[in-house]
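A.B. asks: Taking the hints into account, I'd like the entire structure generated from these sequences.
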Amino acid sequence: MNNDKGRILLSVTDWEPENWRAAFAKVAPDRPVVLAPDHPGDETIHYALVWKQKPGSLANLPNLKAIFSLGAGVDHIFHDPHIPDVPIVRIVSDDLSMRMSEYVVWQVLDHHRLGPRYRRQQQNRIWLEDRRQPAANEVTVGILGLGVLGRDAAEKLLALGFRVTGWSRRPHQMDGVETFHGRQGLGDFLAGADILVCLLPLTQETKGILSMSMFARLKQEGPLGAPVLINAGRGGLQNEADILAALDRGLLSAASLDVFEKEPLPADSPLWSHPKVTVTPHAAASSAPGALVPLILQQIEAHERGEPLTNLVDRSAQY
Numbered sequence: 001m002n003n004d005k006g007r008i009l010l011s012v013t014d015w016e017p018e019n020w021r022a023a024f025a026k027v028a029p030d031r032p033v034v035l036a037p038d039h040p041g042d043e044t045i046h047y048a049l050v051w052k053q054k055p056g057s058l059a060n061l062p063n064l065k066a067i068f069s070l071g072a073g074v075d076h077i078f079h080d081p082h083i084p085d086v087p088i089v090r091i092v093s094d095d096l097s098m099r100m101s102e103y104v105v106w107q108v109l110d111h112h113r114l115g116p117r118y119r120r121q122q123q124n125r126i127w128l129e130d131r132r133q134p135a136a137n138e139v140t141v142g143i144l145g146l147g148v149l150g151r152d153a154a155e156k157l158l159a160l161g162f163r164v165t166g167w168s169r170r171p172h173q174m175d176g177v178e179t180f181h182g183r184q185g186l187g188d189f190l191a192g193a194d195i196l197v198c199l200l201p202l203t204q205e206t207k208g209i210l211s212m213s214m215f216a217r218l219k220q221e222g223p224l225g226a227p228v229l230i231n232a233g234r235g236g237l238q239n240e241a242d243i244l245a246a247l248d249r250g251l252l253s254a255a256s257l258d259v260f261e262k263e264p265l266p267a268d269s270p271l272w273s274h275p276k277v278t279v280t281p282h283a284a285a286s287s288a289p290g291a292l293v294p295l296i297l298q299q300i301e302a303h304e305r306g307e308p309l310t311n312l313v314d315r316s317a318q319y
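In the UniProt record's numbering, the protein residues as written are 1 to 319.
Hints in this document: simulated from the structure, not taken from any laboratory.
Mixed in with the good hints there might be a few duds.
Unchecked claim - No more than 25 Å apart at the CA atoms, straight line, and that leaves these computed lysine to aspartate or glutamate pairs for DMTMM-like: (1) Lys262 x Asp242; (2) Lys219 x Asp188; (3) Lys276 x Glu261; (4) Lys65 x Glu43; (5) Lys54 x Asp14; (6) Lys65 x Glu304; (7) Lys207 x Asp175; (8) Lys5 x Glu304; (9) Lys65 x Asp314; (10) Lys219 x Asp110; (11) Lys156 x Asp175; (12) Lys54 x Glu18; (13) Lys276 x Glu138; (14) Lys5 x Glu301; (15) Lys207 x Asp242; (16) Lys262 x Glu240; (17) Lys207 x Asp14; (18) Lys65 x Asp38; (19) Lys262 x Asp14; (20) Lys5 x Glu307; (21) Lys26 x Asp94; (22) Lys276 x Asp242; (23) Lys52 x Glu240; (24) Lys54 x Asp42; (25) Lys54 x Glu263; (26) Lys156 x Asp94; (27) Lys219 x Glu205; (28) Lys26 x Glu301; (29) Lys156 x Asp130; (30) Lys207 x Asp152; (31) Lys26 x Glu16; (32) Lys54 x Glu16; (33) Lys219 x Glu138; (34) Lys262 x Glu16; (35) Lys156 x Asp110; (36) Lys156 x Asp95; (37) Lys219 x Asp248; (38) Lys65 x Glu18; (39) Lys207 x Glu263; (40) Lys52 x Asp42.
C.D. replies: As structure tokens, this is what we get:
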């Protein structure tokens with residue numbers, strides 16, 4: 001590959017950029033990767049790889065051909081009011097899907113098999129003989145969001161015997177999964193969920209969707225008692241005050257949260273110490289440079305051959 005095909009701009013915050021540069025150097029040592037343009041109007045930059053890029057960092061790049069999100073979501077890109085009018089590409093990889101499915105299955109199984117309860121009993125040295133636990137096929141896991149990640153998680157849960165339902169903005173069909181869509185389908189979907197898993201993208205329509213109005217529509221007398229919430233999507237999807245209130249009122253029996261309204265989660269947040277909350281530090285599906293860089297490079301090379309980019313973001317929907 002010749003350098004006259006253009007340089008790649010790596011524009012990230014909160015991440016170590018050298019890990020990504022090292023991954024590119026390993027698979028494409030002759031492809032220059034830079035952390036900033038040489039000057040405004042830099043014509044040598046043809047592609048941008050971003051994670052929470054600084055506003056304006058992609059402006060004034062006249063030969064920019066595409067923007068690649070380095071994370072599963074793309075909402076972080078749209079915080080920049082100066083995004084160039086070029087294609088935006090989502091990352092879709094088996095590695096990322098598997099990591100997210102591992103997290104979802106882990107948390108579903110933990111609540112299904114009463115993990116939080118047994119950890120409390122161990123801490124207090126309590127032995128109880130009540131061993132009644134529902135079978136997986138008695139429990140319905142409802143997945144909010146049936147994109148690539150949601151569908152992969154659904155497949156893994158089906159293999160374990162859980163009943164799985166799914167909700168999405170537009171109609172989707174999936175073998176073994178009862179699907180719902182749109183506003184008209186949300187109520188029936190919520191009414192059947194024992195464990196609610198949120199993998200939605202963050203958009204203007206979904207911001208704050210995990211709120212009291214939603215929790216009040218969930219089934220309250222399921223095999224696990226009150227329903228469980230698992231959010232591994234985006235922190236902006238949840239109203240944390242409402243989650244705490246729903247837990248205290250018994251509308252939710254537990255919550256596993258990997259993402260938060262403000263990250264890092266402030267030390268004074270009551271979520272840290274709430275007995276019904278499991279906190280993980282936005283670690284459900286970390287982007288691994290070694291797994292993702294070859295996929296990005298394949299897209300770039302295909303695009304330079306005149307082939308269309310795949311996994312494009314719909315700017316109007318913002319996902």
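A.B. asks: Return the numbers of the hints above that this structure violates; sort them in rising order.
C.D. replies: Failing hints, ascending: 7 and 29.
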